[in-house]
Structure formats: structure tokens, C-alpha cells
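S.K.: Work out the full structure: start from the sequences and follow the hints.
For the protein sequence lines, the chains are V and Y, in the order given.
Per my numbering, the first sequence runs over residues 1 to 282.
Per my numbering, the second sequence runs over residues 1001 to 1334.
Simulated from the structure, these hints should not be mistaken for lab results.
Any given hint could turn out to be false.
[Stated by the list, open to error] One-sided excerpt, in silico: chain V residues whose CB lies under 8 angstroms from chain Y:
(1) E64
(2) S65
(3) L88
(4) H169
(5) E170
(6) S172
(7) G174
(8) D202
(9) V205
(10) N211
(11) H229
(12) V233
(13) S235
(14) Y236
(15) R269
Backbone N, C-alpha and C fix where the C-beta goes; we use that ideal spot for every residue, glycine too.
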Amino acid sequence: MTSGYKGMSPSGPTDFDKPVLEVRGVTKQFPIRTGILGRKQFHTAVDHVDLSIKQGKTLAVVGESGSGKTTLGLMVLDLLKPTSGEILYRGQPFSSRSGSNKRALRREMQVVFQDPYASLNARLTVREALTEGMVIHQIGTGPQDRERRALELLDHVSLPAETLDRYPHEFSGGQRQRIAIARALSVEPGFILLDEPTSALDVSVQSQVLNLLIKLQREFNLTYLFISHNLEVVSYLADDVAVMEKGRIVEQGPVDDIFDRPAEAYTRRLLAAIPRIGTSIR
Amino acid sequence: MNPPLLEVNSLRTYFNTPAGLSRAVDGVSFALLPGETMAIVGESGSGKSITALSIMQLVPEPAGFIESGTIQFNGKDLLDLTWEQMRSIRGRQISMIFQEPMTSLNPVFTIGFQIREAMLTHGKYRGDAATARAHSLLERVGMNSPDKVLRQYPHELSGGMRQRVMIAIALANEPQLLLADEPTTALDVTIQAQILTLLRDLQRDTGMSMLLITHDLGIVSQVADKVAVMYAGQIVEQAPTRDLLSNPHHPYTQGLIASLPSRSRRGNALFTLEGVVPPPTRWPGGCRFHDRCSKRMEICNTQMPSTTSQGEYRSVRCHLYPSAEAVTSQEPTR
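M.R.: What follows is the structure, encoded as C-alpha cells:
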């Protein structure tokens, strides 16, 4: 990967100040029922959300279940169409993309899910999981080259080369999450959506995965959108935070500003609820 | 000092599995005083849930069985009781709440039916008294409209509300001991804070003891009087909460605390405990933690450390803390 990895920035370093991802006034409504007069009712899962993330940075979206974080994530990956609003990747709106252009977008934007037991295909060896995306996106000159890349990926996530011929069930949760991360990296993305990537892991494994995510971000200049309800992890990993409540972003800014001077009552409530070591409700 | 309400001694709970004998709980001893809250912390596979199920004698049979040990509750060994005698203790003197409030409630009965059922089974409250108590229990666990909730079905309630119902059922017969196995893991952080506060208040009002199983040291810090840290089927360290968190003795406890992410650790790599908890069919020889331990010594590879007392309330199972007065006899090396 060290040689083969080009990074995704189409132009030079001047591009780094521009946002990699921009979410502009995005709303998503789901129909819930139709009334007797044919009037439709909607649930607004995401409500006029604006976000932007710069190259190499991490933006965390925090909020409770049902706040709309996951729906927002699906729209950012172009797996769900917004009802209104626009999402831009490197300045180009999703809606203007089609065909090969869309495929390029799929390659640049990758995802790591919460549950590595569900997100890896049980019938694929690690070799197949890591090279499948390369074949689709025509990365590598042939099977040997793709295998070399797969081995490099394993090295990056600190897994041994023997891993290639094994199946997901042979690995622990932490190892599977490393495989999922390697798979995301296999198509040389510029952006990774991390949807609760450590929530299913034990604390000792969580720290390994967090260290890995930070190392990879530095090496490959990756941009992360980090969805989480764990504010301790957010405060450790993210540069900026957006607090979501009932589909709206109620507050966003640098981690230190939000944690030290939360302006919204909801943010204060979330922060106060973190069970921190050294605090007591007695 | 009061005699302990619960005293577990050298408990071993094993499972026959296709991969061989699984020694899930392998020599666990602790005592819980009346009104005390003890937390058992550990990673998945450390044996903490099986410890709680062993106390309830709900270990899945026939694969699982209690190999040896005693579980003294109010001075009598629960392992000597018949199935019928144990049934009269479960849900009455000892109650348990689980992680998933959805799967713990029966979807085809109303909340009111399920709370009353817990009381009618044990005959402590009947008829109108049971209905009135169900109402007041729902009030006590913070439900806004108990009358409505009594008539509702589990699917009509949110996760936090369901867990409140589970707590109401667990408390219906005024138990002396509540076993809570990851009671807030499935809940949002603000709901978690409400449930923990509720458990704490209820405990203060009723004087019951609580055994809280969790993997979250933050929760431990908030609610527990003392903590037992489990690793590979054994308790490796026991101490009052404050002492354990501010001055952990065992390298495993130290590692767990050092690996927690926080804002103050930004920009620095987190401490990592390399490797994973070994499978319970193949615990390593010597100290079970030796292959992950940063302070490993020669002796750790071959000899299992015994538990030594460190002051009146602390104990640790580690060769770094030798003591003339070992509190349990030397365990054979496996």
C-alpha cells in the first residue's frame, strides 16, 4: 500500500482547506401513515442538517438512539436519497453524479459498521473480502498485485499474513473489526464513515482499534465522520462535534468548545450523563 | 460487623462443550454485606454473567453445572436446596434483571399482569393488594401514568421504560438481593443515568444488597461500594471502589483503566492490553494473565498466583503482591 496508495485528493495541498464533505440543508422524511382524506403524515428523521468536514479531520455526530445519526450516515454514503438538501463530496453534489462518476464516489467513501460479526460476509475468506472491492474498482494489475496489496493492508491493521486464507468466524471481535477496517481501506478511500466502530468491543480492544484509526488517519490523510453515542470516545478521537437531537443539529463546534462550554441544555444533559471515573451519583 | 448476606466460596461453574471442558467460573470467592453494592467488572468471556447465573442456579443445563463451591445466602448454602426450595427464593429473596428488557418481558401479557404474576407466584401480595402494589411500584420506578402502563404491552414501551418495568417486577417481593447483569448496556446514556440513579435510590430506601455486573468502569465509579475484577474465570482483584480506581494493584486492572479514552488523553496513543481473553476451554497455565501482562516475571509462566490480602478490604491475585497470609489456599497450576 505504501507505494500503491495515492490518496484521493485530485489536486494539490491547496485543496486541504476546502471541505471534503459538505451536507447542506439535508432533510429526510419517512411516510408513516396515510390519513382518511389521503393526507400523508411524515416522520422527519433528519431535519435541515448542515455539516462540513475538512481533509484529514474527524467530525463526530453524537446523539441518542432515534436522533437521526444513522439515517444521516446512510445519506452521506449515498445509500439513501435526501428528501431535500444537497450533499457534496469534494465540491461535487451527489445529484450531479452518474455512472462511472458514481462508482468513483463509492470507492472514495467507505464505511466501518458497529458490529463486525454482521458486517463481514461469513462465506468469504479474508483474501476474498479484501480483494473483492479492488476487482470491482480495477485496483491492482492482477491477482498477484491484489494479493500483495491485501498483505500490505493486513500489515497496516497489525494482522499476520496467515489471516488471508481464514474465515471471519475464526477471529475475535477486535480482529474482525481490523479486517473490516482493512476492507474499507482496500479501495483507497479518502473518507470513511465510522458508525459506532468500537461500541461492540471490550475496552481493552477498543483502545487498540482507536489507536489504529488514528494511525491510519495520519498515514493516509483520511477524513472521518464518526457516529457515536459514547462521548468519552468522541472527546478522545474527534476534532469537531455535532450534537443531534430529534433530527436536528442543536449545536456544533470544536470538541473543547462543546465539552467546556455547551450552549444547549440537551448537550449539557448528555455530558452530565457520562459515567466518568471519579464521579458519583451517591 | 454484620454477617454477610451472600458469601460465595471457591465457586466453580463448568460447561461441557464440543471444544472440551469450559471452566467459565473457576474458583470465585466474595462476600456481600446487607445494603452493600458490589460490582463485578471484566471483559466478555471473563465469567461475570455465569457467576450471577450460578447464584440464581440458572446455569443452562445439562451442558453447564456447578462443579464445586458454596453459595451461602443468609447463612444457608443455596446449593443444598431442592429445585422447589430454590424457586421460592428466586424472584422473592433474590431477583435478577438482565441487559435486554425486550427479551425479558413476555410480549403477549400486559405489564400489569406480569408485575402481579411475580407477586402472586410467591403469595406475598394477592388480589387488590397486588394490583395496588403494582401501581405504586410503577410510580416508584418513575412512570408518569402508572394506570395506563399497567394496561400496556411491552412493545408499547421504550427500552428505558421496559427496564423500569423489569426493575418493578424484580422489586415486587422486596428482595434482599438484586442481581443486575449489565442493566443499562442497551440504553442511551441519559436513560442509563436515570436507571442508575433509580437503582441507587431504591437500594437506599429498601436496604437491599446489589450485585452489579458491568464492563463499564464509569458506572462502577458511580454506584458501587466495592469492586471485583474478573479475568479468565477468576477474581484477580477486589477493593473498595475508590481505592481500586485511584490505585489499582493488578496489572490487568491497571491496563483496563489506562486503556480508557478521554479528552485528557487526546493526541496520545491509548495504552493497550495486547491479545484477547483466552477461550475458557484453554486457560493458559501459570497466571492466566501472564501472556498479556506487561510486568510478567519468570514465576508467572508456571505458577498460578494465590489471592493475597492487601489490608483489611483489599485482595489481589498476582505474584507482584506476595503475602505471608494468603487468603485462599494455593490453587493447583492447570
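S.K.: Each of the hints needs a verdict: does it hold here or not?
M.R.: Evaluated hints:
no.	hint	verdict
1	E64	4 angstroms, holds
2	S65	6 angstroms, holds
3	L88	29 angstroms, violated
4	H169	13 angstroms, violated
5	E170	12 angstroms, violated
6	S172	5 angstroms, holds
7	G174	7 angstroms, holds
8	D202	4 angstroms, holds
9	V205	7 angstroms, holds
10	N211	5 angstroms, holds
11	H229	6 angstroms, holds
12	V233	5 angstroms, holds
13	S235	4 angstroms, holds
14	Y236	4 angstroms, holds
15	R269	6 angstroms, holds
In the structure shown, a violation is registered for the earlier hints numbered 3, 4 and 5, in ascending order.
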